[in-house]
Amino acid sequence: MNNFQYSRASDVADAIRLLAADPNAKLIAGGTNLIDLMKENVERPSRLIDISRLPLRDIEETADGGLRIGALVPNSDLAYHPLIEQRYPLLASAILAGASAQLRNMASVGGNLMQRTRCAYFYDTTTPCNKRSPGTGCSALDGLNRNHAILGTSSSCIATNPSDMSVALAALGALVHIAGSAGERTLALTDFHRLPDDKPHADTNLGSGEIITAIELPPRGFARNYSYLKIRDRLSYAFALVSVAAALELEGNAIIEARLALGGVAHKPWRSLEAEAALRGQAATPDHFGRAADLLLQGATARSHNGFKIELARRAVVRTLMQATSATPQSQAHKKIA
Amino acid sequence: MNAYVGTPTSRVDGRAKVTGAAKYAGEFAADRLLHGFVVEATIPRGRIVRLDSSDALKVKGVVDVLTHTHRPPLADKDEAWKDEVAPEKGSPFRPLYDDRIRFNGQPIALVVAEDWETAKFAATRIRVEYEQEAFATDLESERGTAAKVDQPHKPRGDAAAALTRAAVRHEADYVIPSEHHNPMELYATTAVWEGNGGLTVYDKTQGVQNVQKFLCGVFRKKPEDIRVISPYVGGAFGSGLRPQHQVVLATLGALALKRSVRVVLTRQQMYSLGYRPMTIEHVALGAKPDGTLDAVTHEAIAVTSRFEDFSRNDTGWGEQLYKSPNSRLSHKLVHLDLATPCDMRAPGAATGVCALECAMDELAVALKLDPIELRLKCYSDRDQSGDLPYTSKQLRECYARGAEAFGWARRNPAPRSMRDGKDLVGWGMATGVWEALQMPVAVRIVLTSNGHAEVSCAASDIGTGTYTIVAQVAADALGLPIENISVRLADSTLPQAPVEGGSWMAASSAHAVLGAAEDIRQELARLAKAMPGSPLADVDAATVTLVDGMIASNGRNGPALSIADVMRHSKLERIEKEKLNQFAEDKSHARNTHSAVFAEVKVDEELGVIRVTRVVSAVAAGRILNTKTGRSQIMGGVVWGIGMALHEETVMDHRFGRIMNANIAEYHIPVNADIHDIDVIFVDEPDDRINKLGVKGLGEIGIVGVPAAIANAVYHATGKRIRRFPITLDKLLE
Ligand SMILES: Cc1cc2nc3c(=O)[nH]c(=O)nc-3n(C[C@H](O)[C@H](O)[C@H](O)COP(=O)(O)OP(=O)(O)OC[C@H]3O[C@@H](n4cnc5c(N)ncnc54)[C@H](O)[C@@H]3O)c2cc1C
Ligand code: SF4
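So the protein lines, in turn, are chains A and B.
Numbered by the working numbering, the letters in the first sequence go through residues 2 to 339 in order.
Numbered by the working numbering, the letters in the second sequence go through residues 37 to 770 in order.
Hints are computed from structural coordinates only; laboratory data are not their basis.
Here the structure is a predicted model, which is why all the values come from computation and not from measurement.
For glycine and all other residues, C-beta sits at the position ideal for the given N, C-alpha and C.
Among the hints, erroneous ones may be present.
Said to hold, decoys possible - Anything over 12 Å on all C-beta distances counts as not near chain A; from chain B, calculated:
1. Phe64
2. Cys252
3. Arg256
4. Gly270
5. Leu291
6. Lys359
7. Tyr415
8. Thr579
9. His605
10. Lys607
11. Glu621
12. Ala701
13. Lys728
Claimed, not checked - Computed cross-link-like contacts, EDC-like style, restricted to lysine to aspartate or glutamate with a CA-CA straight-line distance of at most 16 Å:
14. B:Lys156 x A:Glu41
15. A:Lys337 x B:Glu641
16. A:Lys337 x B:Asp456
17. A:Lys337 x B:Glu642
18. B:Lys613 x B:Asp555
19. B:Lys257 x B:Asp112
20. A:Lys336 x B:Asp134
Extracted from the complex, chain B is given alone in its bound form (with noise of 0.2 Å):
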């Protein structure tokens, strides 16, 4: 049954993407397309006055210029505008909609043209007045008029009382600024006129019925009207779970142009999407003389828009992960004239737990503790929000596998103690958590007599593997080869998926695969009992399996016959089954990952130069589906970890409320260079709770904790603790 689960497979369209094969969003043909480039607001708040488009629409070969007074008709209630992911509680963006400016970068219009370099140059030639309003855009300055967001957190014990009591206590604020996905692909959508008012939308998604259900409210539509297809992803990161300006822009441009469409942001317009929320990060903990914690209070303080309450849970994993009998947590929203944020990578833990890992390890140093003594002491075995047990939890073994492939017991407590050379060295370490999400995932499989498979599913891939996953649980669930299977995703005409995120899909979509395959099997059983003679007639249906384009039973043991021979023999080319699988609720048991990340730092004593020369990162995730992508996975968060300690940050100027990082040459993420030994240790975490295969999720858990792990190494190295990330050169010297 276990041919390819658990394994290390390569990617099943590998080939399709290092060959061009794989097409994104903006490599779509159509007939006649025609190509829009966005004008954006280059103020961050007030009324546009007057937008002249007259000079543009002389350019040869413009077509058009779509302004908010210049459009086919667009929604004008929140719900339309609301998509799947939206925040509770605000009014989401409309591009185009009115003359209000929200945000600098905002979109204000889109040229349409028969080619897209004319597009770009006639909107260097519209001219557009403003009437500037008073306007905010920095956090730390606004950090006044943070208002309180509402939380099901329920305050344990007297947090306050037990601080002042506290035999010692770490109190600071950990500053993390705000930060941009970068995908490596461009936002992009090609909508396709298909006459009579339908479409056909190729975008840049993480979700594509999420971003049809959308277009079909923004633009009244009927569901038959628009499909949206999305079948490969060159990163999103959580940039793409919300429908993005340039896919209402280009179905805009189609309907109002009756023509096909494609917009392509630039890579500085992809500034003015969604991004992780600058936050302060406030942390206060307090313990007894022996090291256990009396008191766990954290509050963060993060960016928002003033038109939607973007927020995740910062402030939760201290008071999951540690014993205290008190804690506190509150998170504030500043509202600031800025685009709403979105989820990046582990949203909320990546910053939160950041903050909370550095001042753990603050504590064992006031403490006089090694780090992971402190949080061994802290140690608990049931999920302290909820009092309730976990479905696993093999953050112990973390601990103890990752420590020892990193040498952890030869490192020296004491600050500036451990030297190479002209180097500084430090070795610094920290928890990671997540959560162990599931969602209700349909798919649809076609089994063929020739023992092919189809296997459908609306969810995407966003770069994480699902095409591989699918095909693997397929394969086994179907005892076929994986060349049999082929795997089609990302279309919304195929069975329900909910977007691709917060490291849910491996799990739904593999058990609805195991849904679906279930059914197939049956029909299979039921039809190789009833053929005449059948080998199989006395044996119980539920006992036989499928093996090797066989239905088998006892194992391989007992009597078997072909699949292809049954189908043929019922004069059957295909079977079909399509199932939605859903999770039964579970409320009494907590589900998460856990990780333990350790790292060495060498930093030059001199001249501060940073240099991470050693991570390992030892997760504990269930059953690892395939431990090739997967370990790519956390590779690629333990990456971006870094980049998150010692690069990541959008530099604005408030005086004029803009990015002034927009670009990659500027907005520094880790290169080459800066990346040495990543090791992935995956710890066994049986789980027969939390689902039928014990699987958890990858996609977010590589990245938590690894900045923190970096900056308790800079301090174990330096002796300096910067809480203000990135952790650059200068703040060393200074």
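Here chain A stands alone, though its shape is the one from the complex (with noise of 0.2 Å):
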């Protein structure tokens, strides 16, 4: 581990100030990801800006009927709050597939968007690593990859993000609210993280000197037919090797409204509106979400060990959403897959 500063930002004003202060300056929230990947020397931050004792604790409705999430709300507290276990608990749902309870309760929404990929290579700092230095290569283009992505990859980097709660959100429609020197923006989340195309070391869009705020869900929560399904090689606490978020909005068995959100699977939670299009106005039958699915997946390319996740991806999503249909939503504290 390396030396640091440490500081504490008195409120999101002064976190900016300190950032821009500072390039190789680090917020830190939680700290369950930041920290281990200091305890491995792959982030050597110059100065931490504690930002965990600022007012972004708060859940409100906004105007428009929707909820707005303070960047420091703890994933647990986020995942048992009453407005999202009843009008977005396809969000409850896929935060509590991730992770422990106990780092669920030390984890804030804003550090869980920025958590970094697992991929090993990442991890062990004698191996070349595009994302950690750029120019070095990607170890795992033709090495241990089983957990990598089917999808968006490039020739630089395959890896994945592991956040199971984005891809609930992304599934949600929610937007990011961002903070910085020059002033408040909004993204919406899918364009918040991007690809890896030849600059890898970049997770997301957001600007080295800006803070996560907030997230805001629309009023739409899907509330009814829903599921967050995640696979894995234990039945809890890892990784997905692929993860399904669905929702769908259902009159009689006919799908008014669709969405489909992909995790373990690419650089992003992956969405696809022409998937989802292709489910509006039809039945909600096996066949249809077959269809769903293989708009989804179009384009998905294996490397040597990840050629499984394809097929099964495929199944998953339908499998979702049949539970989504029935109202039948995938347990997290059932010892089984329903």
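Put the complex together from the two separate chains, hints included.
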């Protein structure tokens, strides 16, 4: 671990000022990802700016009937908040599918959006990795890539984004509120994370001096027909091989509106408007779900060890949509997949 | 006599453990304690050309950086480095000895500082230049270089010919990856500088006297200069049988700086210690049409380091268990640029029996026989390899009791025939077998006139429950309540004990306690009879027993005297007896524990997700000293077996010769959600031949057979035979 300076930000403006003053400074919230990476010498910030006491812990209703969630709301508080449980259970479920109770108690909304890939080479500073050390090469391309991306990859990086929460947020059409020295701006969650192209060191479109202040959920919560299904190598406490967030609005068996996002398959939560459009107006049947899955997975390519993910994702999409249709969402507490 | 032995007595150290009163090696305090952080090699093979610690030394708080060119002297003969458990062949690894890099993660420097964080930070300031050499770490690509290990085994009959003529034959490779122990407690040593070159070394180890002798050899110290203590061990599973790097490094630091030094390895660094070696198990079975075996051949090809030949008995189990006129075994090693493997729970058997029992299942399918029926057809009441009778063998009963508890009779033998909603249901079974070993152990008992006894021995309790069974046996033998027994273990100055391993400690320590307690009984009988007007004067000393604080005769019905009165009257505050117990050598019988393991899996047909929903393990292991700790021991073995079947794998990138999942987020073991019902049955197995109490030991048998039972259940559920462990869902979807 590196030696570093420590400052506690007194307000958001102070945090932005501190960030601007030191390009190698990093914000720290729950610390559950950043500290691990510092221990591995992957992140070597010269200064930690502690934002954990900033007043960004509120969950408020917005004028249009949505919700605004402060960037420092702990993952657990968010998952168990009555408004989230009632109106956005998909989000609650996705959060509870991630990490462990202890980690979720510490982890913040902002930190969760910013968590970095679990690619093993990224963590091992003795191996080449374009994301960690730009220009050194990508060890995963021809190495251990069983957990890696099948969509939106580039020849510089095939890492996945590990967040579960982001997958649900992508499906729900969430917005990310950002503040920086140039003022405030808002990005759609689906535009917040980026694909690796030839700059895999950048996970997101957040500017170097910017801070996430909140996320916003639109009014539509899909509280009846939804499910989050996470497939992994053990039944809990493991990152997704593939995960699916599905949300439907049904009239009888007809699909009025559909949302679908995949986790564990790309550098960002993977959503396809085309796949969702193909579902609209159709009957909620396995066949239609299979077709939507094919559209969502269009262009999927495998490396040596992750080919299984393509078929697995396709089947998982169908299963999740079936769970959503029957209003029997996947439980994150039961020791079984429904 | 049996108020405690055989009962579900709670752990006598339970309270100390849950309240934090129990201290572990890294928790002992010392004056002006220094902290060492290990710097590891980042290449698998080559030479250190330059190791520059100048920047590290500039860091405030750093006291020294020890390296192969800057350290106190270390022994230069292999004999000094060979501990009790070292492989016979080879030259043990010596930390900070020279410029050679023998494996990735090898310790190459120790940064010593006033606090741990400073040492850790300064470690990043060390610059190393290597001369890298060509290396190999992949067993499968190097399979062709495998070299045969000498084994006592003599081929029986002509297995090759028998295989050729076999009516039904099954032959396959089973591949089991390397696995790391990952005990909860990190490896740690606090070496306390006592002045004048003397050291008290608190170490995480399975054998304090082994470490003590080793340190004396390596550092050329007199036995009285080094004392090793390890009162509690937070799991070790074999990884603590040999002295580990950190004990050498902490001792080196203390001797160099004449101050106390603590070294705690990080979780990641524990992946450069020993491991269960990856093994390719080739099994070929030939059967007659009626299902009796005609040939068993088993070849194991396992990983070892370039500098030591580590091998265990992977291949002998089938030959021992199952009747077959022809058999041939061989064990081969592939030398790679890796650390030397070491024992891990049921070494050899966990892997070898896994392959054997999968192969037996495949043979049963080929023969259209029920898997239990096949095993009963080949059942042998004698150990086939030595043609010896067993001291006891209730394996038949294990099959019967296990099958009944599991409901095996309701199994439809056809694969993919049983369902539960979207899940395919599979039922599989396997046999487990392990040795019942026993070793010389000495125990000292000090009985005081207040009716309290202290029992002490150098043996370790690695979480298995040694404290508790020693207390139980002593309480029964001395006729005292268990609360009046205090047990001291794991101090090298206490009476002799070997490392705790191989499942031998329960039987060995229990009989050592009996031996010392017998001497106490004789002494008390003599004193009691000698008292003026003693009611026991005419009673034969050999027949008096210690019961309820009394020296009693004719059970509890004859004349008796209180122990306290006798001691007081004899003006004795204490009676102290130390006795070494040696088991008479008896080559006329085979000694083994057995089990029958039954597993139910549910496999999501579309998604390939596997759950082990039920396991029944029926164990025959002689007399069970403590049914509570014994049951926990078996359950732990079953959980580990589930991990071995479905989760555990040390993943290497052979281009770098590095382990890529050296942490417990990515190295998967089962979590609670993966564990469902586990039913442990102890089958009655009276054994008056093996030892006085009829005890065999339980440490290893719990895991043996479990991975095979699960793999066989997965086949039964899905019709797919996965022979490369762990069985992950991608292998089912392929
Ligand atoms: C063993 C383990 C298992 C896990 N399993 C899962 C899992 O299954 N699924 C899953 O989704 N996650 C998992 N996680 C990851 C966990 O969700 C994240 O570590 C957590 O969400 C990060 O939040 P934090 O507040 O602790 O972030 P920190 O560690 O404090 O920060 C992480 C990053 O975010 C930046 N940051 C923090 N707040 C802001 C802000 N407001 N604005 C801008 N930047 C900010 C920091 O600068 C830093 O770069 C796991 C973690 C561990 C250690
Ligand atoms: S996939 Fe990305 S993170 Fe992994 S090694 Fe390649 S560049 Fe690095």
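Among the hints numbered above, which are violated by the structure, and what are their numbers in rising order?
-> Of the numbered hints, 12 and 20 do not hold.
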